[in-house]
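Read top to bottom, the protein sequences are chains D and P. Take the first sequence: its position 17, counting from 1, is numbered 17 in the numbering used here, and each next residue is one higher. Take the second sequence: its position 84, counting from 1, is numbered 84 in the numbering used here, and each next residue is one higher.
Simulated from the structure, these hints should not be mistaken for lab results. You may find that some hints are simply not true.
[Unchecked claim] Simulated restraints on C-beta separations:
(1) V219/D to H43/P: 18 to 26 Å
(2) K92/D to A104/P: 53 to 61 Å
(3) G73/P to E370/D: 20 to 28 Å
(4) T56/P to E38/D: 38 to 46 Å
(5) E38/D to A104/P: 41 to 49 Å
(6) F71/P to V219/D: 31 to 39 Å
(7) M11/P to Y51/D: 22 to 30 Å
These figures come from a predicted structure and were not determined experimentally. No residue lacks a Cβ here, since even glycine has one placed at the ideal position from N, Cα and C.
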Amino acid sequence: MKRNDSQLTLFTFALCFSIVAPTSASEAAKGKKTTQLELKNSAYATPWERYKGWPETLWSEFSTLTKMVPSPIGKPIKIEGAIEGDPKKGEKLAFDRARGGSCLACHVMGKPTPSLPGNVGFDLSTHAIWGRSDEYIFNYIFDPRNTNPNSVMPPWGAHKLFSVEEIKDMVAFLKTQNSPAEFRDDLENPTTRPVPKEERDNLDPFVNEAMAAMEKGKVLYARAGPRKQSCASCHAEPERMFKNWAAAMPKYEPRLRKVIGVEEFVTRHARATTGDEFLLQSDQNIALSIYMRYLANGQPINVDTQSKAHKLAIQRGTKLLNTKIGQMNLACVDCHTAERGGSKWIRGQWLGEFRGQQGHFPTWRTSRTEIWDINKRFQWCNVSVRANELQPGSAEYGDLELTLSALNKGIKISVPGIRH
Amino acid sequence: MADEMKMRATMLGEVADVKVRMTHFMETGARKDPKTGKLIPPHFIDQVVATLNGKTVLDAQMGIAVARNPFIGFRVKGAKPGDKIVVNAVDNLGTKFSGEVTVAAR
Chain D
1 MKRNDSQLTL FTFALCFSIV APTSASEAAK GKKTTQLELK NSAYATPWER YKGWPETLWS
61 EFSTLTKMVP SPIGKPIKIE GAIEGDPKKG EKLAFDRARG GSCLACHVMG KPTPSLPGNV
121 GFDLSTHAIW GRSDEYIFNY IFDPRNTNPN SVMPPWGAHK LFSVEEIKDM VAFLKTQNSP
181 AEFRDDLENP TTRPVPKEER DNLDPFVNEA MAAMEKGKVL YARAGPRKQS CASCHAEPER
241 MFKNWAAAMP KYEPRLRKVI GVEEFVTRHA RATTGDEFLL QSDQNIALSI YMRYLANGQP
301 INVDTQSKAH KLAIQRGTKL LNTKIGQMNL ACVDCHTAER GGSKWIRGQW LGEFRGQQGH
361 FPTWRTSRTE IWDINKRFQW CNVSVRANEL QPGSAEYGDL ELTLSALNKG IKISVPGIRH
Chain P
1 MADEMKMRAT MLGEVADVKV RMTHFMETGA RKDPKTGKLI PPHFIDQVVA TLNGKTVLDA
61 QMGIAVARNP FIGFRVKGAK PGDKIVVNAV DNLGTKFSGE VTVAAR
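Input sequences plus hints: build the corresponding full structure.
Structure below.
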């Protein structure tokens with residue numbers, strides 16, 4: 001009985017091989033194996049519109065990952081003597097989440113100590129006794145790059161997040177900060193707050209709603225498209241054939257002259273083969289992408305970092321990681337490397353580092369009840385620092401995805417993930 | 001879809017903890033199709049009945065207020081490992097679907 005089974009498997013395998021063989025025969029003659037991809041049309045819905053429910057503001061006067069807008073360092077403003085500001089107004093501004101995310105996002109501030117301050121920046125609760133001049137404090141808030149070129153603090157004044165008068169009020173408030181902050185408990189204190197750990201079983205369909213999308217992807221895989229062919233027509237036994245495939249994605253695609261991930265590959269390959277239209281960010285694309293990556297679960301991320309094209313892409317990606325963008329003037333490294341904001345708290349949210357952030361995408365976000373692929377994650381990062389996002393599947397995101405994957409090399413894939 | 005219903009039942013002390021996940025659109029009838037501007041007709045699960053070895057233990061009337069892909073959790077007293085729990089659901093268009101599970105020991 002067992003023998004019969006294995007014979008059957010062998011037979012199916014041989015059969016599927018013979019189907020694949022004729023297409024690759026002519027290419028094999030050229031010594032090259034090319035995958036069928038549709039190359040002309042856009043992989044995402046055009047014109048691209050920002051997702052519903054996201055901030056609607058456009059920050060076109062500031063840099064994005066594709067377009068550099070010079071951000072001149074604000075000239076120091078000369079201030080004679082003491083600043084006359086309203087500390088009450090300043091306190092309101094410093095604690096206001098609607099404007100810059102509030103000073104508390106990064107700084108502990110003094111009495112009364114509002115809930116869950118962050119610790120990316122210094123504890124400011126005793127700032128008044130540091131002996132800084134008003135002029136110094138004002139200009140540090142206005143544009144910290146004057147004093148400290150390595151500061152990750154946004155140039156609040158120079159990038160017009162706050163007016164000169166408002167910053168003067170903040171200085172007046174800082175001058176009232178003269179006794180150490182008191183915390184109600186260990187959770188309130190960012191230095192003792194326990195690091196969040198994701199312990200939910202992301203592969204349990206009763207825990208992770210994205211598992212339903214995985215099942216949907218499985219169905220799509222076997223369903224015949226407009227050309228009466230399904231993925232399974234050419235790739236029988238997906239569990240075996242795609243055991244390692246997603247672990248080596250994204251890859252540089254010379255015909256598109258950019259790095260593409262599983263998502264865009266699905267879009268373009270389906271167009272060229274089954275005739276299906278699985279636009280990026282559509283439910284179907286996400287479902288199939290999850291399924292393809294699910295098949296590689298347990299495999300360590302193993303992207304190519306040695307070929308010339310990939311070395312260049314990682315170089316570009318590394319540069320992008322260090323590029324300051326948006327009204328907040330932040331680069332990826334500012335929040336996600338331990339030397340700067342990484343492994344610290346931004347208000348009540350933990351800033352993770354690059355390693356560990358790739359193997360679980362596409363991931364179910366419980367706080368938003370939707371599945372995010374890596375492209376949507378990048379887009380949200382852009383919008384959070386108040387920079388216009390790029391379209392999904394843009395070359396810059398491809399470079400970033402490859403660079404991140406290279407930094408996550410060896411970490412096992414576990415898709416769909418689950419995160420807050 | 002292939003599996004409309006996924007079920008799990010495990011003993012939790014003296015009671016069985018049952019979880020049911022259904023795949024359903026749960027269209028309220030109040031939502032418009034963004035392309036055509038027309039209302040999408042209602043399509044939702046009306047009734048869910050759960051039985052333990054053939055005896056009804058839950059009879060739920062659901063409506064449009066329940067989210068898409070409903071997830072139902074309930075606990076059954078008197079269930080033992082090996083008992084069979086069957087869930088039958090009907091939607092407003094009369095489509096029936098069901099799932100069954102054997103209660104597992106913890």
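Going down the list of hints, with the structure as the test:
1. V219/D to H43/P: 18 to 26 Å: holds, 19 Å
2. K92/D to A104/P: 53 to 61 Å: holds, 57 Å
3. G73/P to E370/D: 20 to 28 Å: holds, 22 Å
4. T56/P to E38/D: 38 to 46 Å: Given a distance of about 54 Å, which is not inside 38 to 46 Å, the answer is violated.
5. E38/D to A104/P: 41 to 49 Å: Check passed, 47 Å falls within 41 to 49 Å.
6. F71/P to V219/D: 31 to 39 Å: violated, 20 Å
7. M11/P to Y51/D: 22 to 30 Å: Violated, at about 43 Å.
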